[in-house]
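4 protein chains.
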Amino acid sequence: MAGNTFGKTFTLTTYGESHGLALGGVIDGCPAGVKIDVAAIQEDLDRRRPGQSAIVTQRKEPDTVEIHSGIFEGVSTGTPIGFSIKNTNQKSKDYSHIKDSYRPSHADYVYDQKYGIRDYRGGGRSSARETAARVVAGSIAKQFIAPVNVTAFVSAVGELSIENPHHIDDFSTIENNPVRCPDPVMAAEMETYIKQVRKEGDTVGGVVTCVIKNVPIGLGEPVFDKLHATLGQAMLSINAVKGFEYGSGFAGAARKGSAHNDLYNEDGTTKTNYSGGIQGGISNGMDIYFNVAFKPVATIMQAQETIDKKGDKVVMEGKGRHDPCVVPRAVPIVEAMAALVLADFSLRNNSSKV
Amino acid sequence: MAGNTFGKTFTLTTYGESHGLALGGVIDGCPAGVKIDVAAIQEDLDRRRPGQSAIVTQRKEPDTVEIHSGIFEGVSTGTPIGFSIKNTNQKSKDYSHIKDSYRPSHADYVYDQKYGIRDYRGGGRSSARETAARVVAGSIAKQFIAPVNVTAFVSAVGELSIENPHHIDDFSTIENNPVRCPDPVMAAEMETYIKQVRKEGDTVGGVVTCVIKNVPIGLGEPVFDKLHATLGQAMLSINAVKGFEYGSGFAGAARKGSAHNDLYNEDGTTKTNYSGGIQGGISNGMDIYFNVAFKPVATIMQAQETIDKKGDKVVMEGKGRHDPCVVPRAVPIVEAMAALVLADFSLRNNSSKV
Amino acid sequence: MAGNTFGKTFTLTTYGESHGLALGGVIDGCPAGVKIDVAAIQEDLDRRRPGQSAIVTQRKEPDTVEIHSGIFEGVSTGTPIGFSIKNTNQKSKDYSHIKDSYRPSHADYVYDQKYGIRDYRGGGRSSARETAARVVAGSIAKQFIAPVNVTAFVSAVGELSIENPHHIDDFSTIENNPVRCPDPVMAAEMETYIKQVRKEGDTVGGVVTCVIKNVPIGLGEPVFDKLHATLGQAMLSINAVKGFEYGSGFAGAARKGSAHNDLYNEDGTTKTNYSGGIQGGISNGMDIYFNVAFKPVATIMQAQETIDKKGDKVVMEGKGRHDPCVVPRAVPIVEAMAALVLADFSLRNNSSKV
Amino acid sequence: MAGNTFGKTFTLTTYGESHGLALGGVIDGCPAGVKIDVAAIQEDLDRRRPGQSAIVTQRKEPDTVEIHSGIFEGVSTGTPIGFSIKNTNQKSKDYSHIKDSYRPSHADYVYDQKYGIRDYRGGGRSSARETAARVVAGSIAKQFIAPVNVTAFVSAVGELSIENPHHIDDFSTIENNPVRCPDPVMAAEMETYIKQVRKEGDTVGGVVTCVIKNVPIGLGEPVFDKLHATLGQAMLSINAVKGFEYGSGFAGAARKGSAHNDLYNEDGTTKTNYSGGIQGGISNGMDIYFNVAFKPVATIMQAQETIDKKGDKVVMEGKGRHDPCVVPRAVPIVEAMAALVLADFSLRNNSSKV
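Those protein sequences? They're chains H, L, V and C, same order as listed. Residue numbering for the first sequence follows this note's numbering, starting at 1 and increasing by one per position. Residue numbering for the second sequence follows this note's numbering, starting at 1 and increasing by one per position. Residue numbering for the third sequence follows this note's numbering, starting at 1 and increasing by one per position. Residue numbering for the fourth sequence follows this note's numbering, starting at 1 and increasing by one per position.
Among these hints, one or two may not hold up.
Chain copies aren't distinguished; within one or between two, either way the pair holds.
[Claimed, not checked] Within a straight-line C-alpha distance of at most 30 Å, the following computed DSBU-like cross-link-like pairs (lysine-lysine) qualify:
#, residue 1, residue 2
1, Lys-86, Lys-8
2, Lys-313, Lys-86
3, Lys-310, Lys-35
4, Lys-35, Lys-8
5, Lys-199, Lys-313
6, Lys-256, Lys-319
7, Lys-86, Lys-60
8, Lys-213, Lys-353
9, Lys-60, Lys-8
10, Lys-313, Lys-8
11, Lys-60, Lys-99
12, Lys-313, Lys-213
13, Lys-256, Lys-86
14, Lys-353, Lys-8
Read the hints as simulated data drawn from the structure, not as lab findings. Predicted model only: the values in this text are computed from it and were never measured.
Build the full structure now, drawing on both the sequences and the hints.
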């Protein structure tokens, strides 16, 4: 049983390899009557696409979305929304170096083991290119859940990080720098650092923080589909993610209860928000915030020893244009997955009580 | 749409409140032909139950499992396995202090908001008591997935922690101390610390580490149901969990690719294991390991200001017998959820190729 | 992947064999705030139970439901409703005649082939005894969907049948006779016929008709989960069912469009109702009606040649107390499954539009 | 929660309206390693397409399938198979007669009521045009399940019908006549009748029979996902279907057990096959056969009184080119849905026992 559908009521099913004819997906369960701004979808796609700045991969992929169905006269009709994005950058590139060999810390080896066959061109289905479909669907989800507002940004690149990122209130500066870090000083440092790492033929990891505002009380479905558990799955399903924490997170594990409990104000809000906007798996109306850890990109421009299909040693070196650091382009993907989760739980909550 | 079913092929559906007649569940999809050792299930339950040591809650709940169906002459028949555990500790205790008021950092408030009604006795469905059903099912899952071996232990209590917990190879000492920490010296320190915290009427958080050995290659279903994504959801669905990281985790986000890639040996194993046994969402045969962060228990034996249903301020203080630190009893729960994930993906992988 | 869960939002997961400790189930997704009359559940169970009249099996099984969770102070809480029914009639009866042999037109053979093991006592999971759990859940569903009203009755026994059963408006006589046929004259004939068939050591099939009134417009989810498609699956999942038709059914296939179209009145109702209350898979507010065909019970009190596990010929004859005709006891089961479908689609329709 | 996904392990999610940009779908769960003959898919599509003979609608729609992903070098890769079919026949036709009025026995009215908006062009999502996506996926399913063989044919048109259609063994004549009836004499009668009905501006219903050969023992998942129950749902989800029966069907309800039981041969096959190849919801290795009843097409070329959105009476008459009888073109759709069911249960059965 495969796993290319996300969500239970507002669902996204995606398809597509890096170098097939097209990638795309089907959104099923978007309620009728949502005004859909297709230009806004394209804007989110453009935030994810390669070649947008000097610190990301320089590949050229326009990534234009085509909506096939489900939207009529600018409004969702309640029927499934099918969409596709053509793969335009499919030159008959030389893939012989990865066709029969396994790139370290890539999925080449496990795909061959699991499926017995692998579309090796550009990583096939394991390429982060598949996240373009998530961004399309997430952008539609954002439009559905408004005024719930999802904002992600880069809070760490390598050892460089901003403190208490979830306390940031001014998101206006995020898109002003190619790193997508809301602190302009830190953003400049990070940019310099990424350029230096690239010059070394190396890559570096980072952290994306996400803050969700205007969340209604009541989203989340205990005991297994707690809101933060599904947010966690959503984030961990993004390529290169190694960790997820919400609210006080790992730091909270070191605290005492007397220093961690969120006391109530008389209106039901809380004086502190170590809970990260979620109690018992259900949103409590406070801001939801969480951190997502991304590993360094596995493709480096340095020679590495690896093995081929026969188990013989070979030396490999990254070719082509790759991201030295994935987090700037991951920002719209984190937002998309968060929006899909919120959309799904909004619908699920429609049936909580009579 | 509620969320009390976990898994897609090896599924667990649970029910039960802290003070209803019973709690229990149904496992659907356990293949026929698995020898089931009911005594082993009870042993796992006993590792979770209250009153087992001086550092956990002193409530008395025998938690005896009754199997209703699905096992015949000691072997699973392929039909659903129904089971229940009676709630024996349901004295007509005085719950007036929580009936109309909301305990800080508990789910009382959000349940009332979401459902409009709440079984306030002992936390109702939001009580960690529901995890007993998970332990029963997880114990059956363990028996199904053998020789895959799931071991969890405590790696941190408050600021006390062991280093590189996933490098630990000797698990024989874990059950020798009430903390369930494999390092006896650290275990003693942690035990002393927990007792001190309890004396203060306070609580403290901690971290559980889990290591899974003998994992076959190929488990995990991209792109959304990556193995680690579902493990993350599983862990985050446990009461009090705030974070999940696997392999290099959050620390990996600070590293460079050249220092993070796992190079292959000629047999397909890797020289290092920053990947945590999972590549592209699919197990690669190396050990899987991950950390789970638990917040401090919200019920403290100190007066706290809170609000009642009308929004008026009230002062509340924990009553009864509660855990000063949840991680020792969380160990079998982490194992159970991990085993359920592995069981589910084992079955799902049966259909990966013709 | 097993199949013991029905429904997608209002879900029922059942378990239990004929002779295990108990059978039961879990309802997940019943919204909070539904007043639950447990006595009404027991009444529906009593309509299904053996021994209720002279024309059904004379086994004694009290079938008392125990609610474990999910209902607090008489009202559903939005948490899962667990329930069980003890198997009290489990004397160490002699099952040697079916342990190693396969009863004709029973599931013994295919269970052995599929699972490699079979709880042979009383048919195990393939026994119609499992439908008791459906009746419990269906009774709760009925209470949730009120004032939608589901009524089933017997419209045919063998060759005896009433005409245009869906035109019947007076349901008050159904429970006045043991056949559950609303036409008292036909009911008496059917009763006499069933008794004669039993005397012959034989069995006979029949048809149950179901009429659903007060259905809101809009239930049903094209294109695969059309309302009638799911009703069909629900009915066909009941033991011994061989066919399902709704509205004009098979007779409609012989008609011309000009004689089959339902013309509208100005209020959106239709002048005729060949559509059976469903257009394009969505309820249109007219009465829903359908027929369910049941085969004759396979256990007959006559010697039949069959085979044992080794493939050797053996002669078998029904033992014990069996139903000569299943339809009178099937009436509450048909109602239960219909109510579960309606409950599920009621919730699903909550998310059709913004 | 919408309903555009069919299957649980071999799944099809479809999208598309009659007059949008394209229709299509995603198959998720097709195992890796299946050789896919794209020409065979197109052949099945051509059996469904309009304009193929004198007795079906004369619309011109080439219906060419484009595969976007999931097939590499002619073999399935285990990743999702995305595909689309462009809508080429979307001239700016005049739809004013159905934009604001409700065609009798069509879904116009209920779509407006359920969703509050409707893509009225050509019926939108309720058009049988969506079944083209089913045929594509069903054709791939057929290739996966081979040597299981699914054959459907027309067994009745109006009052004209062939007897014991499931006894037919020679399927070679089916595609030799435009009706797709295996009996050439009856086929000619049916063809003449359909032409006459069309001349009258009328339509007529019919029955499609399906026979599945070479079925392995063990497919089907009790208690809710019995093989015939899911086949029933699959068939009833096809546009215009009013009834489903398998094996002895409705006729079986009139029989006695002694005349209905299928006695075993020593090899486990049965002497008769009233069971229709399924016992207790599980295939027993005998031929599966079932009948599907289709109502007459609702669009007739005769004036009918109906209502508009305001509830005012209007007179309507079918325009354009429509099928006088739907069953000839329904044959490949019935086959497709049957193949999808078999593919899904084949995979599900992989996990029945250890």
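Cross-check of the supplied hints:
1. Lys-86 to Lys-8: Both ways: Lys-86 and Lys-8 sit 27 Å apart in one copy and 28 Å across, limit 30 Å.
2. Lys-313 to Lys-86: neither (36 Å within a copy, 48 Å between copies)
3. Lys-310 to Lys-35: Between. Shortest inter-copy distance 24 Å satisfies the 30 Å Cα cut-off; intra-copy 54 Å does not.
4. Lys-35 to Lys-8: Both, since 22 Å and 27 Å are each at most 30 Å.
5. Lys-199 to Lys-313: within (27 Å within a copy, 60 Å between copies)
6. Lys-256 to Lys-319: Cα proximity of Lys-256 and Lys-319: across copies only (18 Å, versus 50 Å in one copy).
7. Lys-86 to Lys-60: both (13 Å within a copy, 27 Å between copies)
8. Lys-213 to Lys-353: both (24 Å within a copy, 23 Å between copies)
9. Lys-60 to Lys-8: neither (35 Å within a copy, 38 Å between copies)
10. Lys-313 to Lys-8: neither (45 Å within a copy, 39 Å between copies)
11. Lys-60 to Lys-99: within (23 Å within a copy, 44 Å between copies)
12. Lys-313 to Lys-213: between (51 Å within a copy, 26 Å between copies)
13. Lys-256 to Lys-86: Classified as neither: same-chain Cα gap 53 Å, cross-chain 33 Å, threshold 30 Å.
14. Lys-353 to Lys-8: Both: 18 Å inside a copy, 17 Å across copies.
Hints 2, 9, 10 and 13, counting from the list given before, are not met by this structure.
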